[in-house]
Every structure is written in C-alpha cells, then in structure tokens.
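Residue numbers (the numbering used here), protein chains in the order written: chain A, 1 to 225; chain B, 226 to 450.
The hints are simulated quantities; they were obtained by calculation from the structure and are not laboratory data. A quick note: this is a predicted structure, and the numbers were derived from the prediction, not measured. We put the beta carbon where it would ideally sit given N, CA and C, even for glycine. Heads up, a few of these hints could be off.
Using 25 angstroms as the maximum straight-line C-alpha spacing, the simulated SDA-like pairs for lysine to any residue come out as follows [stated by the list, open to error]:
no., chain 1, residue 1, chain 2, residue 2
1, B, Lys349, A, Gly50
2, B, Lys349, A, Gly167
3, A, Lys124, B, Gln234
4, B, Lys349, A, Gly29
5, B, Lys244, A, Ser64
Computed footprint of chain A on chain B; a stretch qualifies when at least three of its residues, placed anywhere within it, have a C-beta under 8 angstroms from a C-beta of chain A [stated by the list, open to error]:
no., segment
6, 284-290
7, 364-378
Protein chains: 2
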Amino acid sequence: MITSKDNQQLKTIRKLLQKRRDGLFVAEGEDLVEAAAANGWEPQLLLRAGEDVEPDLLPSSLGSGTRVVGVYRERWSEPGGDLSVYLHGVHDPGNVGTIVRSAHALADGPVILGPDCADPYSPKAIRATMGSIFARPPAQAAFEELSGTTVALERGAGGPLAELDAGPPVVLCLGAERSGLPEAVRQAASAVAHIPLRPDGPDSLNVAMAATVALYERNRMARHG
Amino acid sequence: MITSKDNQQLKTIRKLLQKRRDGLFVAEGEDLVEAAAANGWEPQLLLRAGEDVEPDLLPSSLGSGTRVVGVYRERWSEPGGDLSVYLHGVHDPGNVGTIVRSAHALADGPVILGPDCADPYSPKAIRATMGSIFARPPAQAAFEELSGTTVALERGAGGPLAELDAGPPVVLCLGAERSGLPEAVRQAASAVAHIPLRPDGPDSLNVAMAATVALYERNRMARHG
C-alpha cells in the first residue's frame, strides 16, 4: 500500500495528468478502467484506492477524486470503414470525445483527426467518450489521405444531407466550431451538404451535435433509402 | 472606473458566480452579452474591462478571464409549440445548455425542464447555449402538465423514431444519462421510441446527442414525410 505522496508511481500519474508524454495516458474511474479491460487494453499501471494506495493520495483531474486510476499506452486506428468522420480544427476535447462515442454508436469506421484537433487521450476527452475510445481508437490523417466519398458539412452550403446521393465509403468532414472547414478542404471534398436548421435559429449546431446528426442521417438512409 | 476589488458591484458578480439568487445570473463574454442585447434583455449591471473596471478585477468563472460581464434577471417560457423537448433528471449543465441551443435550431417550442435538471442559467449552461438561452428561455413543468403527443425516448424501447406516426404538437421526452426516464413517465407517455444504434456500439448516446438527433428526425419527417 502506497502511503507517501512522493511515491514514484503517483508522481508519474500526476505528471501525465498535467502533460501527456511517451504515448501514455491516464484513465480515471471504474467505468473507464472496465471499458479498457473489456476491450483488451493492458494497463501499464493500475492503482485502486484503499488497495494499492491511500485513498486521499490517488491523483485525479476530477474535483471529486476517483477510486481507480490506470495508465495506458495510446493506440491509433487506420482510416477506413463504410462510414467515418474526419475532424479539422476541433479544439474542444469534450466535443472530440463525444464524437468518438457517437461514431462508436453509429459508424463502423473511426473518428479521423486532422490538423489542430484536441488530444483524444486527454482526461476530458476520454471521459466524454464514456469508454468508447477503448473500443474505437481514433485515427490521424490529413484530408488528402482520405479515400471514399468525402462530404464537407457546412452550414447552409450544398443540399440537405438527407438528399445526398452518395454510396459508401463515406467520410463526413466537419471543421472548427466558428470557422468551419478550410476553403481548400471544402473545394477538394467530393460533395458539400448541410443539416437544415430553422431560419430564426442560431447559425449552427455544436460540432458534436452536427457530427452525430450526420452519422444518424447516413444510418437512416442506409436503412430506409 | 472601478479600481478596488472590494467594490460592491464586483462583490455582487462574484457572489452570483458562486451561487445564483434572486433570479439573477451572470453572462460572461462579448458573444453572450451581444446575444442578450439582440434579444432585448436589459442588463441589471454591465461592466466592461478597461472602461468600467480595471481588467484584472473583472470576475469570471473562466480560467482565461473575460472582457465583459452582464447581470440579468432570468426568464421562463411556457411549454408549447409544435415541437419541444422535456428533460427529466439531466444533471449536466453543459448538456442542458447544448439542448437549449439545438432546440433553438430545430424546434419552435422551448426546452422544458422537469425535476432534477441542471440550472440552465448557471455559467456553464449559458456558455453551452452560445446565446440561444436569450432567444429561447427554457420552461419549467412537471411531466403531468405537458400537452400534445409525449414521446418517451428510451434506448432499445418501442420502434425507431423515424417510423413513429405522431402529429404535432410533439414533446420529445428524455431522461438522465444512465437511468433514463422514470418508469411512471415511460408508462404515461403517448408513445415510446428509440434512436437505432449499432449492436456493437455503446448502450446509448450522450443525452444532448439523443435530443438533437430526435429534433433533427422530427424536422426531417415534417419536410420529407
């Protein structure tokens, strides 16, 4: 039982929570550690409060503390699948994590992270995946490396996504919350489409909402034509 | 120009950021204050960094600080509209705020808060609305007070929402992230439906994702039948 906060393992965890390095990351809490185990991820280090370490000493990025912490090595998928999502400049880790969860629920392909996206293995992003990151590690790729039908989702541009005639594989492409996709990506995409919004509403949906609606719509079309 | 942190107005703002009272709330940042003005909300108090107050003294719930802070009096809508959302036990203020934004984009009715929901006027919820809360203040009501077709959205229950034959007014009802809707609500709802997810995916979508997909689907049906 670790009883000193100067213990080397605790120092490692505290440092990783501050700044990731060497491809390692920290998963906090029973649910995430269980999701890791269920998907065959071996922890490099696993500490349980009250068993391996004095409860008060277990480091956590959560105000409320946690009962178990695991350290794992990050994994990356390759782009692929009949349906996947490409993100460009999505800075918010909560949004990135939520999209990983939605893609796990609604797509066979991974979330592909382009330039300037949040670290999907940061504590906030991992929490937002609710464990889906262990089932579906994201991919990393530039837009130019994508294959299949790339659909640029842009507010008010192109036709409604529900009317887009495009067979698989489809990669749904979404940009930053305010600036959207870079002009070069919009130009190079196979198609441009939008999610219809009310004219008296806001300019846009949150990017995680837009990605999830688009994933849902592609599923619905596959089921109902 | 306020130059002392002991100024009474600054104290008021700091207190409200800690704990809301008297129906007042704080909106932080240019975008939110502009959205308030655009929707005709008069601030009880408005302080701009560098004009009204020394920049370093302006209170903020954000680590990065802010350049303008307004204090406003909360407003509540009445339930209504052809399409609205009822939430039961949605604790996370980010989710509540995001759903307010999505409903503004995709529905004519408000978000109706049932028991045990996060305060939509907390700083985190307001930020997630991106200003939509000023265009569409939420409503407060018990499930029993709702009129129209109440659709209980439950993972795996009933038929797919896209196949639900229900005319307006429709109230989409969603429960807490883990426990879902209370049994009494599920029993009393006009219909039960689900959003189809992959069998190899997670149990559920994030509640804000589910609400937004459901709002999208009802819009799509109204457009395409």
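Against the structure, the hints:
1. Lys349/B with Gly50/A: Violated, because 33 angstroms separates the two Cα atoms, which is more than 25 angstroms.
2. Lys349/B with Gly167/A: violated, 40 angstroms
3. Lys124/A with Gln234/B: Since the Cα atoms of lysine 124/A and glutamine 234/B sit roughly 34 angstroms apart, the hinted pair is violated (cutoff 25 angstroms).
4. Lys349/B with Gly29/A: Holds: lysine 349/B and glycine 29/A sit about 23 angstroms apart, inside 25 angstroms.
5. Lys244/B with Ser64/A: The hint holds at about 19 angstroms.
6. 284-290: violated (count 0)
7. 364-378: violated (count 0)
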